[in-house]
Amino acid sequence: MSEPSLRILLVDQNADRAAILEEGLRDAGCRDITIVREMHSLMRRILEVDPDVIFIDLENPNRDVLEQMFQVSRSVRRPIAMFVDQADTESIHRAVQSGVGAYVVDGLHKDRVKTILDTAVGHFNTFNKLREELERANQALEDRKLIERAKGILMKERGVNESEAYGLLRTAAMNENRRIIDVARGVVSAAGLMK
Amino acid sequence: MKKLTVGFIPLLDCAPIIAAVEQGFAAAEGLDVKLVRETSWANIRDRLLVGHFDAAHMLGPMAVASTLGVGHLRAPLIAPFALGLGGNAVTVSMPLWEQMSGEGASIGAGPRVQGKALARVVESRARAGLEPLTFGMVYPFSCHNYELRYWLAAVGIDPDRDVRLVVIPPPFIADAMRTGQIDGFCVGEPWSSVAAEAGVGVIVTTATAIWPLSPEKVIGCRASWAEENPERLDALIRALYRAALWCEDPANRPDLAHMLGASRYIGASQNLLQNALGNKLSLSAGLPPVSIPDFYFMAKHHATFPWVSHALWFYSQMLRWHQVEEAVGDIGVVKNTYRPDIYRRALAPLKLDLPSADTKVERFFDEGLFVP
Chain A
1109 MSEPSLRILL VDQNADRAAI LEEGLRDAGC RDITIVREMH SLMRRILEVD
1159 PDVIFIDLEN PNRDVLEQMF QVSRSVRRPI AMFVDQADTE SIHRAVQSGV
1209 GAYVVDGLHK DRVKTILDTA VGHFNTFNKL REELERANQA LEDRKLIERA
1259 KGILMKERGV NESEAYGLLR TAAMNENRRI IDVARGVVSA AGLMK
Chain B
83 MKKLTVGFIP LLDCAPIIAA VEQGFAAAEG LDVKLVRETS WANIRDRLLV
133 GHFDAAHMLG PMAVASTLGV GHLRAPLIAP FALGLGGNAV TVSMPLWEQM
183 SGEGASIGAG PRVQGKALAR VVESRARAGL EPLTFGMVYP FSCHNYELRY
233 WLAAVGIDPD RDVRLVVIPP PFIADAMRTG QIDGFCVGEP WSSVAAEAGV
283 GVIVTTATAI WPLSPEKVIG CRASWAEENP ERLDALIRAL YRAALWCEDP
333 ANRPDLAHML GASRYIGASQ NLLQNALGNK LSLSAGLPPV SIPDFYFMAK
383 HHATFPWVSH ALWFYSQMLR WHQVEEAVGD IGVVKNTYRP DIYRRALAPL
433 KLDLPSADTK VERFFDEGLF VP
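Protein chains in written order, with our numbering: chain A, 1109 to 1303; chain B, 83 to 454.
Hints should not be assumed to be uniformly reliable.
[What the hints assert, rightly or not] With a cut-off of at most 30 Å between alpha-carbon atoms, the simulated DSBU-like pairs for lysine-lysine come out as follows: (1) B/Lys362 to A/Lys1237; (2) B/Lys362 to B/Lys417; (3) B/Lys85 to B/Lys116; (4) B/Lys382 to B/Lys362; (5) A/Lys1237 to B/Lys417; (6) B/Lys417 to B/Lys433.
Derived by calculation from the structure, the hints in this document are not laboratory data.
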């Protein structure tokens, strides 16, 4: 690469997301990446790293702390929250949507900023998808456990086998126009009351 | 129904926004409002600017800063409605309170007495070669920052040289005090009460003691959006105005505290919220709440009127504390950020007695006057 690598600072309290983003930025040719997870050392790290670009996750209330640091520090080159002057509106829109905030020092070439922002947004979205999948998987697991418990209760109370117990849940769900999981939840909570 | 998305931060002064939706004032104006809770003022600003929000709960000075392009690129916002007056307080840590007590401070004393005591502590710390005290506030462009600075400077403490000022998000502020990261802070309710009740600090003064009828948050929206959607904006202003009146009625206080206490809104103890709404503060743990009649107004005293003098005072403080360089034309830009004309237009059908002037003289505890 002919251009010098940009110095990038990632402020993210979520280690997994930071790791995903770091890898993505490295693949895109960024070599100078620093990750900060502890807010109390943030000012010192900003001074040491003197970053060209700072990324912070938008869930982090400490974003306001970061903006204050740019205000008070005369020594830090002042990066500013990225807006339409440094990238097209579409990129900014996608960034906010995916939950990443970017601060860029003045004078960087618009195309370079856009490339790196789009990379960050892409990896934030990857992380968001992973998180959603994980949540769905966890939920599915919880649902399965609940249905198992409901089947167990029915097998015991009604003296039926496992597939018959499932059949009872399914028929009830169809008749009442509810989801099986909701019927199962009802069975489990009713059994709790009978004890 | 016209759809509208409004962002807010979990603080007491978001009350009229929440009540406008929950009590049906927005629906009565034909608005279907979606409320979105945010975690930082920077997010509020950015989501407003990219169009995720049509309007938002916002720091008054933030609207001015964004319009001027200070600390951010120039992005014109307007403030056509104010979300009440007062509500902030200054709290100091228990160790600092002990030192201040030794220098003449006492629970419930005025800002001059407390300030002088603080100044003597600051002086003796400097003589002893100790680290300067650290005070927290919520954002560089906030009333909290300027009120704190005004008070400190008025009692002879240079807020840039004699103490350190840092930003701490309100939900973390009591913890930051407990762990000794900060010695004092200026913040809105319920966070002063939270720290006092938890026994980590003592409330030493209120913003309204420093500056009676001092402004706080506003409704912010993009200048371009306001121009393109006058009917929507007017409907929102009328809904918020009625909601503010409803919120201020003491008979509705328990319902309001219950509503705001929900985790999707402020998520704080109802008891604490109800006290703050009733202008009662526990200044220190173990003391019964005391009534501070002029602590916080949601509707009275034209509390929802966007006084242009407020915007001008914020600008004067941005200049005073070197956040911005004076530039030709900026005063005009600042004046146009606060929009009493839109406020009057929206409320015209209600046939109210509204202020005819856009500015007023602002008076401070040290007899300082701000004549716009």
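Each hint, compared with the structure:
{"no.": "1", "hint": "B/Lys362 to A/Lys1237", "verdict": "violated, 46 Å"}
{"no.": "2", "hint": "B/Lys362 to B/Lys417", "verdict": "violated, 34 Å"}
{"no.": "3", "hint": "B/Lys85 to B/Lys116", "verdict": "holds, 8 Å"}
{"no.": "4", "hint": "B/Lys382 to B/Lys362", "verdict": "holds, 17 Å"}
{"no.": "5", "hint": "A/Lys1237 to B/Lys417", "verdict": "violated, 45 Å"}
{"no.": "6", "hint": "B/Lys417 to B/Lys433", "verdict": "holds, 25 Å"}
When the structure is compared with the earlier hints, violations turn up for hints 1, 2, 5 and for no others.
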